[in-house]
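Protein chains: 2
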Amino acid sequence: MISTLKVPTEIQSKIGLVEKRMLSQTDGYHPDLKAALEVLLSSGGKRIRPLIILLIGELLSGDESKLLNLATAIELLHTATLVHDDLIDGSLLRRGVPTLNSQWSPAATVLTGDFLFACAATLAAQTDHLEVIKLFSKTLTVIVNGEINQLFTSHCNTSKEDYFKRIYAKTASLFETSARSAALLSPATKTQIDVLTKFGYSLGMAFQVIDDVLDYVGDESKVGKPVGGDLRQGLITLPMLYYMEMHPDDPAVADLVIHKCVKDESEISRLVVTIKESRAIEKALTQARAFAEEARRCLDTFADSAAKEALLGLTDYIVDRNL
Amino acid sequence: MISTLKVPTEIQSKIGLVEKRMLSQTDGYHPDLKAALEVLLSSGGKRIRPLIILLIGELLSGDESKLLNLATAIELLHTATLVHDDLIDGSLLRRGVPTLNSQWSPAATVLTGDFLFACAATLAAQTDHLEVIKLFSKTLTVIVNGEINQLFTSHCNTSKEDYFKRIYAKTASLFETSARSAALLSPATKTQIDVLTKFGYSLGMAFQVIDDVLDYVGDESKVGKPVGGDLRQGLITLPMLYYMEMHPDDPAVADLVIHKCVKDESEISRLVVTIKESRAIEKALTQARAFAEEARRCLDTFADSAAKEALLGLTDYIVDRNL
Chain X
0 MISTLKVPTE IQSKIGLVEK RMLSQTDGYH PDLKAALEVL LSSGGKRIRP LIILLIGELL
60 SGDESKLLNL ATAIELLHTA TLVHDDLIDG SLLRRGVPTL NSQWSPAATV LTGDFLFACA
120 ATLAAQTDHL EVIKLFSKTL TVIVNGEINQ LFTSHCNTSK EDYFKRIYAK TASLFETSAR
180 SAALLSPATK TQIDVLTKFG YSLGMAFQVI DDVLDYVGDE SKVGKPVGGD LRQGLITLPM
240 LYYMEMHPDD PAVADLVIHK CVKDESEISR LVVTIKESRA IEKALTQARA FAEEARRCLD
300 TFADSAAKEA LLGLTDYIVD RNL
Chain L
0 MISTLKVPTE IQSKIGLVEK RMLSQTDGYH PDLKAALEVL LSSGGKRIRP LIILLIGELL
60 SGDESKLLNL ATAIELLHTA TLVHDDLIDG SLLRRGVPTL NSQWSPAATV LTGDFLFACA
120 ATLAAQTDHL EVIKLFSKTL TVIVNGEINQ LFTSHCNTSK EDYFKRIYAK TASLFETSAR
180 SAALLSPATK TQIDVLTKFG YSLGMAFQVI DDVLDYVGDE SKVGKPVGGD LRQGLITLPM
240 LYYMEMHPDD PAVADLVIHK CVKDESEISR LVVTIKESRA IEKALTQARA FAEEARRCLD
300 TFADSAAKEA LLGLTDYIVD RNL
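Line by line, the protein sequences give chains X and L. Under numbering that gives the first Met the number 0, the first sequence has 159 at position 160, and the numbering climbs by one with no breaks. Under numbering that gives the first Met the number 0, the second sequence has 281 at position 282, and the numbering climbs by one with no breaks.
Some clues are possibly wrong.
Derived pair list, reagent style SDA-like, types lysine to any residue, alpha-carbon separation capped at 20 Å [stated by the list, open to error]:
1) X:Lys137 - L:His77
2) X:Lys65 - L:Asp127
3) L:Lys137 - X:Leu22
4) L:Lys65 - X:Ala253
5) L:Lys65 - X:Leu129
6) L:Lys137 - X:Tyr28
7) L:Lys133 - X:Asp127
8) X:Lys133 - L:Lys169
9) X:Lys133 - L:Gln125
10) L:Lys137 - X:Ser23
11) X:Lys137 - L:Lys65
12) L:Lys19 - L:Thr8
13) X:Lys65 - L:His128
14) X:Lys65 - L:His77
15) X:Lys137 - L:Ser23
16) L:Lys169 - X:Pro30
17) X:Lys133 - L:Asp26
18) X:Lys164 - L:Asp26
19) L:Lys164 - X:Lys133
20) X:Lys133 - L:Thr8
21) L:Lys169 - X:Tyr28
22) L:Lys133 - X:His128
23) X:Lys45 - X:Thr3
24) L:Lys133 - X:Arg20
25) L:Lys133 - X:Ser23
26) X:Lys33 - L:Thr152
27) L:Lys65 - X:His128
28) L:Lys133 - X:Tyr28
29) X:Lys164 - L:Tyr28
30) L:Lys169 - X:Ala106
31) X:Lys137 - L:Asp127
Source of the hints: derived by calculation from the structure; they are not laboratory data.
Could you put the whole structure together from the sequences, leaning on the hints where they help?
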């Protein structure tokens with residue numbers, strides 16, 4: 000079981016550059032913005048999206064300066080959506096660190112998110128690549144629309160098709176855009192661009208399924224939030240969907256299908272424990288591994304290299320982290 | 000005194016197209032987004048930024064389809080900032096129409112604003128003009144940073160220099176970008192692009208000074224909000240700045256300079272009436288007219304045409320509206 004992420008030293012130092020560049024976007028603006036971004040960066044995060052970009056850039060010998068711009072833009076966009084998400088959910092902690100939302104007014108939180116969006120768009124434009132710029136803004140539309148669907152559509156949606164659409168919007172779309180944009184900014188054939196797009200998609204789907212599994216089985220101290228949070232918020236993810244298929248007779252499942260929610264708080268707690276100990280977890284993991292395998296296969300046609308090795312390592316890490 | 004805006008029929012019908020295109024951005028996304036945008040569009044607004052763009056396009060015989068994209072992008076960006084502003088201020092009415100914020104949850108309001116930003120960025124990218132795209136995202140940064148400064152910096156700032164910086168960020172920056180981008184998308188010399196940039200800047204400065212005067216002297220039923228709102232929020236605008244220069248002995252002025260706020264609510268009400276009847280209003284109007292005159296002069300080198308006539312008419316309208 001692999002749970003640490005091995006990143007080539009030169010890529011690790013480029014990730015450092017991405018973080019520096021993220022911070023430097025606030026130069027010349029209100030000093031509290033830099034302070035806020037420092038807090039946001041200090042909460043860690045593996046910078047998986049920048050890693051995908053820089054490793055694909057390495058794989059294809061792409062333009063380093065444009066790839067750094069892209070990686071910074073994508074991570075700023077991701078950070079901006081997290082800032083607004085924490086406000087929307089009223090979350091007080093993320094990865095165990097107090098959210099901006101818990102310390103600042105809603106006004107300051109909204110504007111900080113907006114500022115990060117604006118910086119992200121500015122950096123994306125600096126790639127000077129129209130298709131990359133268009134992909135970037137289109138992906139923001141997909142992500143935000145996904146959140147709007149989640150907010151406006153009745154909770155406790157029990158369709159697997161909807162689940163996969165939801166995690167595409169939430170996570171896989173930005174992974175896909177990261178990979179495709181990195182390929183577009185590098186010397187690559189159309190086939191290579193398409194196969195790397197699929198790599199990003201599959202990796203993103205695997206990532207989110209694992210995230211949803213960790214919401215049931217994760218170590219609270221590592222995940223940084225209480226177990227079973229999704230179900231408590233009325234969010235039906237893959238482990239619960241499999242559990243429903245396997246146990247249609249569980250009264251909580253019937254409750255969910257009929258009333259579109261589990262009404263009793265103690266029933267939810269029982270359900271979280273039951274799911275955690277059921278075969279639903281293994282089935283969800285199998286699905287995540289299938290996505291990861293699809294991602295791995297996308298790299299088949301590339302010659303062996305340190306970058307390819309690291310992309311395969313990243314794929315392993317994504318399915319094995321914290322399990 | 001001119002208070003109605005005369006727009007050539009063909010430009011008026013293009014404004015109709017801009018509004019249709021704004022609405023069509025929500026096609027294929029959650030239906031409540033279209034409903035929200037319909038409410039936002041129904042609150043009226045003169046679409047001054049699209050007018051600037053379409054008239055400059057007409058003046059220079061620019062590419063119609065790209066100019067329509069740009070006009071839609073800019074108005075969507077403007078609408079997105081209004082949606083987040085209303086949330087930040089807790090405003091319940093805008094132009095007499097209930098704000099989204101008054102009817103929806105903060106979560107839905109934040110996400111609707113984000114969605115409009117994303118659509119705006121997508122349309123801006125469709126101009127296929129890198130300088131326009133870069134200008135667009137940079138301007139969003141300027142606008143948001145201006146709001147952050149207003150939120151984070153102690154209120155009751157009594158410097159005229161800061162006031163002009165503030166209204167540049169708040170209003171003139173987007174007018175300037177509208178004008179410059181329209182010129183960039185049209186066949187124009189560098190000199191023409193620069194002079195039209197200055198036109199947009201000056202018109203925007205005039206517009207905001209007049210807005211700040213109307214906050215004191217406007218007809219509440221037309222302005223759609225109570226008189227004196229700025230001062231009540233601790234926002235020192237040009238009429239108050241002139242009043243302070245002319246009446247340093249007024250106790251409320253001393254209070255403001257020393258304590259950075261007027262503490263007594265009844266003092267604020269007295270001050271609003273006193274300023275309204277003072278020569279400060281005339282002085283602020285003189286400043287607005289000077290900006291408008293600067294804007295008018297920028298059009299001097301262009302041959303007479305219906306578009307030039309309409310741009311001059313727009314400038315007149317901006318300083319004379321509702322006065």
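Results for each hint:
1. X:Lys137 - L:His77: 19 Å, holds
2. X:Lys65 - L:Asp127: 18 Å, holds
3. L:Lys137 - X:Leu22: 17 Å, holds
4. L:Lys65 - X:Ala253: 54 Å, violated
5. L:Lys65 - X:Leu129: The given pair, whose Cα atoms are some 15 Å apart, holds under the 20 Å limit.
6. L:Lys137 - X:Tyr28: Cα-Cα ~12 Å, so holds.
7. L:Lys133 - X:Asp127: This hinted pair holds, its Cα atoms lying about 9 Å apart.
8. X:Lys133 - L:Lys169: Not satisfied, since the Cα-Cα distance of roughly 27 Å exceeds 20 Å.
9. X:Lys133 - L:Gln125: The given pair, whose Cα atoms are some 7 Å apart, holds under the 20 Å limit.
10. L:Lys137 - X:Ser23: At roughly 15 Å apart (the allowed maximum being 20 Å), Ser23 (chain X) and Lys137 (chain L) satisfy the hint.
11. X:Lys137 - L:Lys65: 18 Å, holds
12. L:Lys19 - L:Thr8: Satisfied, since the Cα-Cα distance of roughly 17 Å is no more than 20 Å.
13. X:Lys65 - L:His128: 18 Å, holds
14. X:Lys65 - L:His77: Violated - the C-alpha atoms of His77 (chain L) and Lys65 (chain X) are around 29 Å apart, more than 20 Å.
15. X:Lys137 - L:Ser23: 15 Å, holds
16. L:Lys169 - X:Pro30: 19 Å, holds
17. X:Lys133 - L:Asp26: Between Lys133 (chain X) and Asp26 (chain L) the Cα gap is close to 18 Å, so the pair holds against 20 Å.
18. X:Lys164 - L:Asp26: Since the Cα atoms of Lys164 (chain X) and Asp26 (chain L) sit roughly 18 Å apart, the hinted pair holds (cutoff 20 Å).
19. L:Lys164 - X:Lys133: It is violated: about 32 Å lies between the C-alpha atoms, which goes past 20 Å.
20. X:Lys133 - L:Thr8: Status violated; Cα separation ~33 Å.
21. L:Lys169 - X:Tyr28: 15 Å, holds
22. L:Lys133 - X:His128: 12 Å, holds
23. X:Lys45 - X:Thr3: Roughly 10 Å between the alpha carbons, so the hint for Lys45 (chain X) and Thr3 (chain X) holds.
24. L:Lys133 - X:Arg20: 18 Å, holds
25. L:Lys133 - X:Ser23: This hinted pair holds, its Cα atoms lying about 18 Å apart.
26. X:Lys33 - L:Thr152: 15 Å, holds
27. L:Lys65 - X:His128: Holds, because 18 Å separates the two Cα atoms, which is no more than 20 Å.
28. L:Lys133 - X:Tyr28: Holds - the C-alpha atoms of Tyr28 (chain X) and Lys133 (chain L) are around 18 Å apart, at most 20 Å.
29. X:Lys164 - L:Tyr28: 13 Å, holds
30. L:Lys169 - X:Ala106: 16 Å, holds
31. X:Lys137 - L:Asp127: 15 Å, holds
Checked against the numbered hints above, the structure violates hints 4, 8, 14, 19, 20; every other hint is satisfied.
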